[in-house]
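Protein chains in written order, with my numbering: chain A, 709 to 1038; chain B, 1410 to 1516.
It is worth saying that the hints were derived from the structure and are not from the lab. Keep in mind that the hints are not guaranteed to be accurate.
What the hints assert, rightly or not - With a straight-line Cα cutoff of 30 angstroms, these simulated DSSO-like cross-link-like pairs (lysine-lysine) come out: (1) A/910 to A/955; (2) A/910 to B/1476; (3) A/959 to A/910; (4) A/788 to A/732; (5) A/732 to B/1505.
Fair warning: this is a prediction, and the values are worked out from it, not measured in the lab.
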Amino acid sequence: MVTLFAVFLLTLLVLTAIAVVQTKNLFVAVMLMGIFSLLMATVFFILDAADVALTEAAVGAGISTMLFLATLALTGEHEKPSKKGPWISGLVVAITSLILIDATFEQPYLGDPMAPVQQHVAPWYLEMTPELMDFPNVVTAVLASFRGYDTLGEVFVVLTACIGVLFILSAGPGAPNPKSPRIPTAPSVGLRHHLIPRVVGKLLIPFIVLFGLYVQFHGEYSPGGGFQAGAIIAAGMILYALLEGEKQALKVLPQSVLIGMVVGGAMLYGMVGVVGMLMGGNFLDYSVLSSNPVSGQQIGILIIEIGVGLAVCGALLAIFHAFAARRSVG
Amino acid sequence: MTTVIDILSWVLLLAGSIFVFIGGIGTLRFPTFYTRLHAASLTDGIGTILILGGLVLQAGWTLAAFKLLAILVFLLLTGPTAAYALANAADMSGMKPEENEVSEVEK
């Protein structure tokens, strides 16, 4: 039954991908990409990768659709006709697909216990997580502690990406594109004069933020963690900005605070590592943070997850506001 | 008792599926934007209530049932709001619903 469902979802994925490539309207393409991400999240979920599914749903289907739409508001929604024929790209795609299809014959079957990924370090992680950290979600243990260096790197990637996007968007506006259609609403006012979305939004935003905090602080026991929580809370704030207008949203969380969140989150993560070193352990070795190594691990993971959450939430909101500011200038 | 609940839950699930299916057909087949939106909102409204109601009966008195009810409340708040926002955006961008409108398909 699950296999049938998976095949159905994967077929839909392929169809959606083809539709994304085929359509000339970029607005439609963005919406289809959102559907693609949501299908992907479902596929991840039936593969028992709930953490990844949550990330894909929050970031892929939610926030990136939002950012794509913000981009389209600046650039216009029609694809420029390409002069080159599709032959070269078609050839590249055909060759790559053949290589990939050939490679799948070498792949172990799904859930094969003899697969290298099940034989290498995964059993050790599964065995040691209850002993070293004493909480059930192994994904959080791997992400935050065993592979803490990688996650630190990811947080700095978020920081770098945020700096890059803000750098580009804060450059002076170019000549306004006369062809790009403007949506006939004043962006700074938001949907303030629309009663129904406003009332429903005001009802939902506290619950969205609360759910984000739950995902943040319950990440050691259930799917979730800083990345997902940051995206969910950012989505709640973006909804607020859409309903009440940019000005009001920036009054609640000014751009300087958001940048402080990004930098502070990344720094908080790094500092946990440095404090560990000062207390006589290795960099990002949380066991020395407390007299009891298990609670030391738990404290360390809690703090770095807060750092991740702050960085992701701040980066997404800062980028969103940068797009919005650019639009009201141009 | 279990059989009764099971049958009731299956009736709800099937009825919900039928509504969602009809909503899907309507979204594809109806001629104009507003009629399509009307069909699509069928999925949000009665389809959601029936399917989640059926699933709650399957779950029984568990935490899962409570979660399903929470999802139901969330969807009942967001679905119609989204439909309203969509219709409103279409109205604001100058798409007026007209009687005897020439269908987009036939144009």
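Status of the hints after comparison with the structure:
For the suggested pair residue 910 of chain A and residue 955 of chain A, the alpha carbons sit about 17 angstroms apart, so the restraint of at most 30 angstroms is met. Only pairs whose Cα atoms come within 30 angstroms are accepted, and residue 910 of chain A paired with residue 1476 of chain B is accepted, the gap being roughly 21 angstroms. Between residue 959 of chain A and residue 910 of chain A, the direct Cα distance comes to roughly 17 angstroms. Compliance with the 30 angstroms bound is thereby established for this hinted pair. Proposed proximity of residue 788 of chain A and residue 732 of chain A is supported: the alpha carbons are some 8 angstroms apart, at most 30 angstroms.
Taken as a hint, the residue 732 of chain A and residue 1505 of chain B pair is honoured in the structure, with Cα atoms around 26 angstroms apart against an allowance of 30 angstroms.
Checked against the numbered hints given earlier, this structure breaks none of them.
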